[in-house]
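Enquirer: Here's the letter readout for the chains.
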Amino acid sequence: MYAYDEIDRTLVNERVSEFRDQVKRRLSGELTEDEFKILRLQNGVYLQLHAYMFRVAIPYGTLATNQLRALAHVARKYDRGYGHFTTRQNIQFNWIKLAELPDALEDLAKVGIHAMQTSGNNMRNVTSDQWAGVAPGEIEDPRIWSELIRQHTTLHPEFSFLPRKFKIAITASDHDRAAIKIHDIGLRLIKNEKGETGFEVLVGGGLGRTPFIAKTIKHFVHGRDILSYIEAILRVYNQYGRRDNIYKARIKILVHELGIEKFSREVEDEWRQIRNSSLEIDDEVIEDIRSRFTYPSYEKLPHMPDELRQAAADPDFEAWRKNSVAPHKVQGYSIVTISLKPTGGPPGDATAEQMDALADLADKYSFGEIRVGHEQNLALPHVAKRDLPALWKALDKLGLATPNVNLITDIIACPGLDYCSLANARSIPIAQELTRRFANHELANLIGRLHINISGCINACGHHHVGHIGILGVEKNGEEVYQITIGGRADENAALGTLIGPGVKFDEVADVVEDIVEAYLALRERPEELFMDTVKRLGVEPFKERVYATR
Amino acid sequence: MTSPLEQKKIKIAGPSVVTANRTWDGIVVYRTAAKGWSAELSEAAIVRNSDEARALLAESIADDVGAIGPYIAPVQIGEDGKILPGNLREQIRRTGVTIGQPAQV
Chain A
764 MYAYDEIDRT LVNERVSEFR DQVKRRLSGE LTEDEFKILR LQNGVYLQLH AYMFRVAIPY
824 GTLATNQLRA LAHVARKYDR GYGHFTTRQN IQFNWIKLAE LPDALEDLAK VGIHAMQTSG
884 NNMRNVTSDQ WAGVAPGEIE DPRIWSELIR QHTTLHPEFS FLPRKFKIAI TASDHDRAAI
944 KIHDIGLRLI KNEKGETGFE VLVGGGLGRT PFIAKTIKHF VHGRDILSYI EAILRVYNQY
1004 GRRDNIYKAR IKILVHELGI EKFSREVEDE WRQIRNSSLE IDDEVIEDIR SRFTYPSYEK
1064 LPHMPDELRQ AAADPDFEAW RKNSVAPHKV QGYSIVTISL KPTGGPPGDA TAEQMDALAD
1124 LADKYSFGEI RVGHEQNLAL PHVAKRDLPA LWKALDKLGL ATPNVNLITD IIACPGLDYC
1184 SLANARSIPI AQELTRRFAN HELANLIGRL HINISGCINA CGHHHVGHIG ILGVEKNGEE
1244 VYQITIGGRA DENAALGTLI GPGVKFDEVA DVVEDIVEAY LALRERPEEL FMDTVKRLGV
1304 EPFKERVYAT R
Chain B
44 MTSPLEQKKI KIAGPSVVTA NRTWDGIVVY RTAAKGWSAE LSEAAIVRNS DEARALLAES
104 IADDVGAIGP YIAPVQIGED GKILPGNLRE QIRRTGVTIG QPAQV
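Order-wise, the sequence lines are chains A and B. When we follow the working numbering, the leftmost residue of the first sequence carries the number 764, and every step to the right adds one. When we follow the working numbering, the leftmost residue of the second sequence carries the number 44, and every step to the right adds one.
Quick caveat, the hints were computed from the structure, so don't treat them as lab data. Be aware that one or more of the hints could be misleading.
Claimed, not checked - Here are the simulated SDA-like pairs of lysine to any residue, each with C-alpha atoms no more than 25 Å apart in a straight line:
no., chain 1, residue 1, chain 2, residue 2
1, A, LYS860, B, SER85
2, A, LYS860, B, GLY79
3, B, LYS78, A, GLY792
4, A, LYS981, A, ASN1039
5, A, LYS957, A, LYS1092
6, A, LYS1299, A, ASP1270
7, B, LYS125, B, GLU95
8, B, LYS78, A, LYS840
9, A, LYS840, A, TYR1311
10, A, LYS1092, A, TYR1058
11, A, LYS954, A, ASP1046
12, A, LYS800, B, TYR114
13, A, LYS800, B, ALA101
14, A, LYS1239, B, GLU95
With the sequences and hints as input, model every part of the structure.
Expert: This is how it looks when you write it as structure tokens:
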């Protein structure tokens, strides 16, 4: 966990009183909506279809139990008893009243939570690997660097009025769980030949109406130089980024139009001017941040405790363990992913009761810590293996033990037309129907790793471009129509999916996905060949033929 | 969401209303003939041509404290005179999400 210092606490508290005054002036008419809009966006407040939506940051996906309880409290007191975890380590409340928002912000500020950097054309919440600090083989904890960047960018004028929003993600493992290649800047922590910590820097990734996979702009930037290098990128973006056309304003367009070589040269020119300046990071700064992260006092535990050996006889436990439990860097411990994708449920939603109960379980079994991943699931990062059977039983009672992590029903979906004012089509009912179609866990396991991503409009909040199967809802002649892509992925081998053919109607989407899955099962050479391997081997044609042969 | 400014040149194809979200709590509201806002679509002022629509929208925009984001939305008038939303988006805005909400399941 990270402990905020006095500067952060003051900043968060001052923001609450500022916003309280702004809301008061808005409700009295002293501020018009045009004047107020930028202020509310700076505090994570959007206007959606039915109500205001309040987006709260969970920096680098780390939550303490008192913070999760505070989120449950906000859900219960100010909203309708639930929250929605997003694809960027935020949580959204869908039914909040503007008049009550300052009170909600104040309640969250008491536990160090805020909504800064969750909306607007600024540097957004810096995201990271939800297994940061506990993943075996990790270079080092990427959250230290995420926090450094968070501190530097919060309210920084250079980063507060950008041409468009700007997102950074950091990973420190070979397997990328932070989706860095679809971010404006992606950072991969590495060591150079001298053993020094630094970053491979990628730039220009993003989805939306013009998707791009990020390109490597520099193979190694020393850790001490990372702020100056990021600032150099931002300066080039601020100088050349399009402010006249919202659809061309993201840095990915600039990188694409200039070309990575020219863009890189511009950044190098900027960097030369600011590199050896106060932006160079002293080791003490990093060590101070590192010291503010507390790590559990792990016990020395056996690799295979008796409790786990005995529980292995229960097939339901084993199904969950094999699916949801991952190796930990410390012997005798595990990382447990909590699926927020129950059969028939909206992906990423959790009730206030579930949040409270999960906080209790985290206190009991995970040193009081919870993580939030971009796949819209949660994780308990430090669970002793001996406690896994008891934890599983407790999670099952809460409806939080669906053994479908990374399987076909572990669907990423945006709120879609049920909530979002930008959406053209519904996402959640499509996801719900798919979770019912593939509710049989034996079938889901037979299919194996397969990610479905659903977006309700071209803005791609459900990351449909990088779904193994991507579903994009559009509106055509007043009807919801869904375009299907296959072959996308968001990991270290990130790729954009390929459209398989004409869009299909709302009622046909689940049938089409079934057809694609049946085609895959028939085409794969062996059970271990994953869906993505089959698509890579054969291309989209066999799937296209199967889907459209009878349509 | 289409901004009111973009709608200034709008040519409505049938009966329409002006809808927005109430400022203090964000709920969906409709402009009434009494120059107020109502949460009931049945109380909405109906406009049937572009001039009427433009006038109702202008009046709504001026009431910035009452509601935000006003725009013209199509409606259908049933045989019994009942006002119904003219598309799926407006249907969802009037009746709520088409899915069960987690806390109610």
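Enquirer: Each of the hints needs a verdict: does it hold here or not?
Expert: Now for the hints, and whether the structure bears them out:
no.: 1; hint: A:LYS860 with B:SER85; in the structure: 24 Å, holds
no.: 2; hint: A:LYS860 with B:GLY79; in the structure: 20 Å, holds
no.: 3; hint: B:LYS78 with A:GLY792; in the structure: 17 Å, holds
no.: 4; hint: A:LYS981 with A:ASN1039; in the structure: 18 Å, holds
no.: 5; hint: A:LYS957 with A:LYS1092; in the structure: 24 Å, holds
no.: 6; hint: A:LYS1299 with A:ASP1270; in the structure: 29 Å, violated
no.: 7; hint: B:LYS125 with B:GLU95; in the structure: 20 Å, holds
no.: 8; hint: B:LYS78 with A:LYS840; in the structure: 33 Å, violated
no.: 9; hint: A:LYS840 with A:TYR1311; in the structure: 49 Å, violated
no.: 10; hint: A:LYS1092 with A:TYR1058; in the structure: 13 Å, holds
no.: 11; hint: A:LYS954 with A:ASP1046; in the structure: 16 Å, holds
no.: 12; hint: A:LYS800 with B:TYR114; in the structure: 17 Å, holds
no.: 13; hint: A:LYS800 with B:ALA101; in the structure: 20 Å, holds
no.: 14; hint: A:LYS1239 with B:GLU95; in the structure: 28 Å, violated
Consistency note: the structure conflicts with the earlier hints numbered 6, 8, 9, 14.
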